[in-house]
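Those protein sequences? They're chains A and B, same order as listed.
Under our numbering, the first residue of the first sequence is numbered 1272, with each subsequent residue one higher.
Under our numbering, the first residue of the second sequence is numbered 1272, with each subsequent residue one higher.
It is possible that some hints are incorrect.
Stated by the list, open to error - Derived, one-sided and incomplete: chain A residues facing chain B with beta-carbon distance under 7 Å:
#1 K1309
#2 S1332
#3 G1343
#4 P1352
#5 L1356
#6 A1357
#7 S1404
#8 E1524
#9 E1527
#10 V1539
#11 K1543
#12 D1544
#13 C1602
#14 D1606
What the hints assert, rightly or not - Straight-line Cα separation of at most 25 Å, PhoX-like style, residue types lysine-lysine; simulated pairs:
#15 B/K1525 - A/K1525
#16 A/K1458 - B/K1334
#17 B/K1299 - A/K1334
Hints are computed from structural coordinates only; laboratory data are not their basis.
By construction, the Cβ of each residue, glycine as well, lies at the ideal position given by its N, Cα and C atoms.
Number of protein chains: 2
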Amino acid sequence: MSSIYPTLFVDLEIVKNNIAAMADKARKCNVEFRPHFKTHQSKEIGRIFREFDVSGITVSSVKMAKYFLNDGWDDITIAFPANALAINDYDDIASKCDLKTLVISEEVIRKLDQDLNQELGLYIEIDPDYGRSGLPISNINRIRSVLTEIHNSKHFYPAGFYCHAGHTYKSRSKEEVEETASAALNKLSDLKKHFPELPICFGDTPSCSVLEDFGPADQVSPGNFVFYDWMQVEIGSCTPNEIAVHMECPVIEKFENRNQVLIHGGAVHFSKDFVQVNGMKSFGEPRLKHLSKETYISSLSQEHGIIQCSPQVYKEIEIGEAIQIFPIHSCLTADLMQSYKTLEGRVIDHLSGTERPK
Amino acid sequence: MSSIYPTLFVDLEIVKNNIAAMADKARKCNVEFRPHFKTHQSKEIGRIFREFDVSGITVSSVKMAKYFLNDGWDDITIAFPANALAINDYDDIASKCDLKTLVISEEVIRKLDQDLNQELGLYIEIDPDYGRSGLPISNINRIRSVLTEIHNSKHFYPAGFYCHAGHTYKSRSKEEVEETASAALNKLSDLKKHFPELPICFGDTPSCSVLEDFGPADQVSPGNFVFYDWMQVEIGSCTPNEIAVHMECPVIEKFENRNQVLIHGGAVHFSKDFVQVNGMKSFGEPRLKHLSKETYISSLSQEHGIIQCSPQVYKEIEIGEAIQIFPIHSCLTADLMQSYKTLEGRVIDHLSGTERPK
Chain A
1272 MSSIYPTLFV
1282 DLEIVKNNIA
1292 AMADKARKCN
1302 VEFRPHFKTH
1312 QSKEIGRIFR
1322 EFDVSGITVS
1332 SVKMAKYFLN
1342 DGWDDITIAF
1352 PANALAINDY
1362 DDIASKCDLK
1372 TLVISEEVIR
1382 KLDQDLNQEL
1392 GLYIEIDPDY
1402 GRSGLPISNI
1412 NRIRSVLTEI
1422 HNSKHFYPAG
1432 FYCHAGHTYK
1442 SRSKEEVEET
1452 ASAALNKLSD
1462 LKKHFPELPI
1472 CFGDTPSCSV
1482 LEDFGPADQV
1492 SPGNFVFYDW
1502 MQVEIGSCTP
1512 NEIAVHMECP
1522 VIEKFENRNQ
1532 VLIHGGAVHF
1542 SKDFVQVNGM
1552 KSFGEPRLKH
1562 LSKETYISSL
1572 SQEHGIIQCS
1582 PQVYKEIEIG
1592 EAIQIFPIHS
1602 CLTADLMQSY
1612 KTLEGRVIDH
1622 LSGTERPK
Chain B
1272 MSSIYPTLFV
1282 DLEIVKNNIA
1292 AMADKARKCN
1302 VEFRPHFKTH
1312 QSKEIGRIFR
1322 EFDVSGITVS
1332 SVKMAKYFLN
1342 DGWDDITIAF
1352 PANALAINDY
1362 DDIASKCDLK
1372 TLVISEEVIR
1382 KLDQDLNQEL
1392 GLYIEIDPDY
1402 GRSGLPISNI
1412 NRIRSVLTEI
1422 HNSKHFYPAG
1432 FYCHAGHTYK
1442 SRSKEEVEET
1452 ASAALNKLSD
1462 LKKHFPELPI
1472 CFGDTPSCSV
1482 LEDFGPADQV
1492 SPGNFVFYDW
1502 MQVEIGSCTP
1512 NEIAVHMECP
1522 VIEKFENRNQ
1532 VLIHGGAVHF
1542 SKDFVQVNGM
1552 KSFGEPRLKH
1562 LSKETYISSL
1572 SQEHGIIQCS
1582 PQVYKEIEIG
1592 EAIQIFPIHS
1602 CLTADLMQSY
1612 KTLEGRVIDH
1622 LSGTERPK
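Work out the full structure: start from the sequences and follow the hints.
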């Protein structure tokens, strides 16, 4: 039975395989596996990780921490720099579990320390010259100063260093990922010499998928690998067979003069994230028997998606069928879709579909 | 009181002014005002339109049609090409109200006509050389053939022509909007000569904001104007004072060496839509007393936003304050945020926050 409206499917077999492979790698590499749950944001999918002896998890917001706390997770890192305004929420969560979050500046430590009641672990966020967030990895003086502030505080203890090498996402081959990730790990080795007692948490899906040795890192916290997506295929992190989610979108119309097909499936379903392939933007990749570089979602508006097709694919697609499409960025697609269907048709919850506005 | 987490505010005074101005223009131009509700997707905001004698509305999905039907709207156009699979939903909605939708091909008319029970109006979608969806405006033979198919069907009547000139979004001044919109209206005038009995529905926010005369059009269905956003400012449709929504995002950290500020506010709040200003991508525009071209959201990841600041703005922003930001694309931001707060702090519903996964 074809989907009448855009629907997000999850293949739980692939999910399990992806988790098993990453858990196995972490074990072999002797690093603690603290997976990031921001990609699936689902209690049920989270529970699969327990089968692989995961007990510490990573999330990206207070909201997500509360959601997984409610499902019995009791060792949670909010991998986002501490919000000086969120004292009540930190107290609330930390009163019920072992809570850690990130920090970058002495100022935020002082602000939070004044009014906090509970104890909290703080990872110092380290920027491996990626340029998004964190203390520059080479600035040992600043890092030492923040560590001193943590030691001098009443409520915080140092949890270690947290380092997200997000610039691996610019890679377009395993070799490029390895080069970028290795450069970050080399810098972390220098950091380790200064602070040998502090664990290092390292984690992004490209690095964790490609590397076989995490050098100075003690923990890994990749997230996207649970589903992967087309962006990860382009980066070199996975093969299409390892992508655990796909959209199913009805084919609405065909435009013969331009080999294009209109689907119901737009920016409110896929998100507007894209990859550049051969200079063309792709907002989604139809899952065909024979993958074709000429066939991709070439534009999205709110509800409309246009698939540019190879002549052969165009001929085969029919109005009224539903076409399967790999999302470019599974985290954002899942967040928009608000729930999953298993291949058997059972609905699985996603945080964004269970939150009610207050 | 500053927002602790990313929050979407709506200024209902500006909303009313925007609706009043567009309703007034439609009256003066002697066209029926059939506003598109895909931007606000809110029953409460929809009700404001009743004060301006609106009775026919436009939506972009079956889901949205049902949502507004439940609030008493009984003349609804789903401005999306008919989905050959959605017969049960069309029957359901059409049994309770006057339902119209779009159509492009004879094939879809035939498929639906077989199994439908209710009567439905069909607008033939016309592509004014925009290239997304619709029959080419110059192909009178194809248009006539589809019209004949409608006349020969058991369940459909011709509602007119629907024409979305989405290429006005490429404009960067009122003059450019006017040029593109006028070209589309000139072509519609030719169409009108062939089919003088059929009403033409025309509508996109740039055209409807800038034009003072809609030529051959009988109806207008703009949507975004209810809020506007920063993209519309760049296009030339509105001034910043006419934008009715803004995000409030907490300032998390400051990075002095690069005049950048980290906010909590990412792709799951704003969407990844952007505008190019002076060759730089902007994902959101801080609402400052003195707007600064040097200050804009320069990157977004899932929960992180980085604001590139002018040196002066950087100095003034403080960790722990909440900064107001105009979204680039208010339709997508509202869809992600799932609800609004009024300036008085009251919560207003959005469809995406009221839908429960089944």
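- Message: Of all the hints numbered above, which does this structure not satisfy? Sort the numbers upward.
- Response: 3, 9, 15, 16 and 17
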